[in-house]
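K.L.:
Just need the whole structure built from these sequences, with the hints factored in.
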Amino acid sequence: MKIIITFFWFIAGIQTAFAQKTNVDSILQKVTIERNEDNKFDLLIGLIGSEINNSPEWCIETGLKVLNQSRSENSNIELTVAYSFFGSGI
Numbered sequence: 000m001k002i003i004i005t006f007f008w009f010i011a012g013i014q015t016a017f018a019q020k021t022n023v024d025s026i027l028q029k030v031t032i033e034r035n036e037d038n039k040f041d042l043l044i045g046l047i048g049s050e051i052n053n054s055p056e057w058c059i060e061t062g063l064k065v066l067n068q069s070r071s072e073n074s075n076i077e078l079t080v081a082y083s084f085f086g087s088g089i
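Each residue of the sequence shown is one higher than the last, beginning at 0 in numbering that gives the first Met the number 0.
Think of the hints as simulated: they come from the structure by calculation, not from any bench.
You can trust all of the hints, since none of them are fake.
In silico DSS-like cross-links for lysine-lysine, where the CA-CA straight-line distance does not exceed 30 Å:
| no. | residue 1 | residue 2 |
| --- | --- | --- |
| 1 | 39 | 29 |
| 2 | 64 | 39 |
| 3 | 29 | 64 |
From a predicted model like this one, the values you see are computed outputs, not experimental measurements.
P.N.:
In structure tokens form, the structure reads like this:
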């Protein structure tokens, strides 16, 4: 029984360590290209939902990327998402 439990925790640890993370830069490129505001919003919300429980450093780094893009595009939606990331990282 101890071997089975140990094996289970080993597999669970590997899954956590090597899980794929959302590529923030590719999603931000999709947001830049997208013209429909609803689709932009869905992409950004998907980014938040998939990575909200990550490390605070990741949340702040992603918030800075989204904030820089929102300033270049003058987008209020992206600005709001950036502030949401900052709040999650604290």
